[in-house]
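Respectively, the protein sequence lines represent chains A and B.
Here the first sequence stands for residues 1 to 299, where the numbers follow my numbering.
Here the second sequence stands for residues 300 to 598, where the numbers follow my numbering.
The reader is advised that the hints may include incorrect statements.
Ranges of calculated distance between the beta carbons of each label pair, as one might list FRET restraints [as the list claims (entries may be wrong)]:
id	chain 1	residue 1	chain 2	residue 2	range
1	A	K298	B	T383	26 to 34 Å
2	B	R557	A	E230	37 to 45 Å
3	B	T542	A	N174	39 to 47 Å
Straight-line alpha carbon distances no greater than 25 Å define the calculated BS3-like cross-link-like pairs of lysine-lysine that follow [unchecked claim]:
id	chain 1	residue 1	chain 2	residue 2
4	A	K214	A	K257
5	A	K284	A	K214
6	A	K298	B	K513
7	A	K229	A	K214
8	A	K36	A	K182
9	B	K382	A	K284
10	B	K454	A	K214
11	A	K229	A	K155
12	A	K214	A	K130
13	A	K284	B	K513
14	A	K296	B	K513
15	A	K214	B	K597
16	B	K583	A	K257
Some chain A residues well away from chain B (every beta-carbon gap over 12 Å; in silico) [what the hints assert, rightly or not]:
id	residue
17	S22
18	K83
19	G140
20	N206
21	Q271
22	K284
Since the hints were derived computationally from the structure, they do not count as laboratory data.
All C-beta atoms, glycine included, are put in the ideal place defined by N, C-alpha and C.
2 protein chains.
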Amino acid sequence: MDIAVVGAGSIGMLMGSYLSESGLDVTMIVRSDEQKERINEEGICRVHEDGTGSVVTVSAVTGLTEAATAKLVVVAVKYSDLKTVLNEFREKEIRTPLLFIQNGIGHLNLVEECEFPHVAFATVEHGALKSDHRTVHHNGVGNLTIGERFGDKNKFNIIEKASNDRFPVIRHPNGEHILLRKVLINCLINPLTTILGITNGELLTNPYGHQLMKELYEELMQAFTEMRKELPFTAVESVCRNTARNHSSMLMDRLAKRPMEIETIVSATIQKAQLTQRELPLLKNYERILLAFDEKVKC
Amino acid sequence: MDIAVVGAGSIGMLMGSYLSESGLDVTMIVRSDEQKERINEEGICRVHEDGTGSVVTVSAVTGLTEAATAKLVVVAVKYSDLKTVLNEFREKEIRTPLLFIQNGIGHLNLVEECEFPHVAFATVEHGALKSDHRTVHHNGVGNLTIGERFGDKNKFNIIEKASNDRFPVIRHPNGEHILLRKVLINCLINPLTTILGITNGELLTNPYGHQLMKELYEELMQAFTEMRKELPFTAVESVCRNTARNHSSMLMDRLAKRPMEIETIVSATIQKAQLTQRELPLLKNYERILLAFDEKVKC
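So that you can see chain A by itself, here it is in the shape it has in the complex (with noise of 0.2 Å):
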């Protein structure tokens, strides 16, 4: 087997259906015997914006096992589920090359602790909306981007293999970066847009909105100096004007009263500087603005 992907929520279903697809020898390790039974049975249906799309032949099985036997293995559980997948690896002594992909970074001090060989993070930019245990929705092409962190970087490459149009693979030098990049970028947009209750572009245009992102990211600068030039100001400010009219996802859960994703965007990025200590007062003041309206929800 080349690649088990463990969980198969929308992104581990899309990237299972395209390494699939482009002959890779792909085994889903998923955790419902339904689901087992409904991806061995039908495949994994991929479906595009434009209405085409493709099933793909996967087999399925529930365990960690086969993480073992695989050339790479994809973690694409959530941040919630992977210390459990962590110890159980670990139990496993699975030597196998794991690529991590999860939102924020709260997994990095996690995959870091546990000392696996050869380990990669990727961030992913994809749109993908899973809609039953079998079908994902790829609702916008975006970069897999990966890159290595520990161990040998070559063992990572089997990944590029299956890189297109509609599923394009790129490479970057650090893992740690470009987990980094995406969480400081996060940090900058969400809270912000989520207290102010502003679109991602008001952020532009309303200036004290802009002062106080500029002032959060200065903050972040001096906790992070080796992320300055990898994420100018300017950088950030693209990303607003791309998403201009979007409502943040964590101002999208506080509207629709969800718990927000705090911890691994806010909380994880305050600790991650606390170890080099650096303090980030701004950011951890937005971090309680945010712990107050979730409390909110839950009375």
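For chain A, the structure is supplied; the task is to place chain B on it using the hints.
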């Protein structure tokens, strides 16, 4: 003439009505000829919550000249009109004792620059609503607390003659402290309830809201150390408890999409702290968030 009341808004009319009723010779200094005529012809009509009330005969004039001949001038204009009044007082070289009744502390520095010989500040806890040029509704009895700032404190005794159950007058030895105490309470309750969208009581029950209030309290007390004894944190909590179901005035303005009183409450406190080289980074951050809200209203 005993007392001139400058400004015939809700508080000016309430003062004029009670002072005149107690036997003092009161002149209202108003802005428009229309209001002057109404008050001169019909007097001030004061309506209590229980439906009872008084019509009190008072004389009204326009122009500030009469302020020179009074024993005491009560300045009850809004902060935004205060500069004009102060400039005219300076030009006319008025030496009459001046009692200032404004929200916030924006007037503190303005007044102190002018070097009038006898100055006192007051805080008003009355609920009062002006319904036309000569009618004020007295919706809640509270204290009028007078604190001297410069000159002879006995010059202000005259106003105590009017003190009664519906209009209690209290004296305090320090005019600056009573204003600071009130504005600090406002700074602790208004911005946070407005940003979080919660009642005053939820600042006690929402653990993160309570933590934010405590942190802001510590920041303010680092800047205004002299106030810690006069305003312990438990006193702020008591205000929240006593007004638990209320929305703060600032949140009310936000919900009604009206501009909020940011300048006299929040900005003036930041400026006051800066006079002694104290920075208030948390409060500054809240100021920007509130300004961003107001900016949104303008759009």
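Here is how each hint holds up against the structure:
{"no.": "1", "hint": "A:K298 with B:T383: 26 to 34 Å", "in the structure": "violated (50 Å)"}
{"no.": "2", "hint": "B:R557 with A:E230: 37 to 45 Å", "in the structure": "holds (43 Å)"}
{"no.": "3", "hint": "B:T542 with A:N174: 39 to 47 Å", "in the structure": "violated (53 Å)"}
{"no.": "4", "hint": "A:K214 with A:K257", "in the structure": "violated (28 Å)"}
{"no.": "5", "hint": "A:K284 with A:K214", "in the structure": "holds (16 Å)"}
{"no.": "6", "hint": "A:K298 with B:K513", "in the structure": "holds (22 Å)"}
{"no.": "7", "hint": "A:K229 with A:K214", "in the structure": "holds (16 Å)"}
{"no.": "8", "hint": "A:K36 with A:K182", "in the structure": "violated (32 Å)"}
{"no.": "9", "hint": "B:K382 with A:K284", "in the structure": "violated (39 Å)"}
{"no.": "10", "hint": "B:K454 with A:K214", "in the structure": "violated (52 Å)"}
{"no.": "11", "hint": "A:K229 with A:K155", "in the structure": "violated (28 Å)"}
{"no.": "12", "hint": "A:K214 with A:K130", "in the structure": "violated (36 Å)"}
{"no.": "13", "hint": "A:K284 with B:K513", "in the structure": "holds (14 Å)"}
{"no.": "14", "hint": "A:K296 with B:K513", "in the structure": "holds (18 Å)"}
{"no.": "15", "hint": "A:K214 with B:K597", "in the structure": "holds (22 Å)"}
{"no.": "16", "hint": "B:K583 with A:K257", "in the structure": "violated (28 Å)"}
{"no.": "17", "hint": "S22", "in the structure": "holds (47 Å)"}
{"no.": "18", "hint": "K83", "in the structure": "holds (25 Å)"}
{"no.": "19", "hint": "G140", "in the structure": "holds (29 Å)"}
{"no.": "20", "hint": "N206", "in the structure": "violated (5 Å)"}
{"no.": "21", "hint": "Q271", "in the structure": "holds (17 Å)"}
{"no.": "22", "hint": "K284", "in the structure": "violated (9 Å)"}
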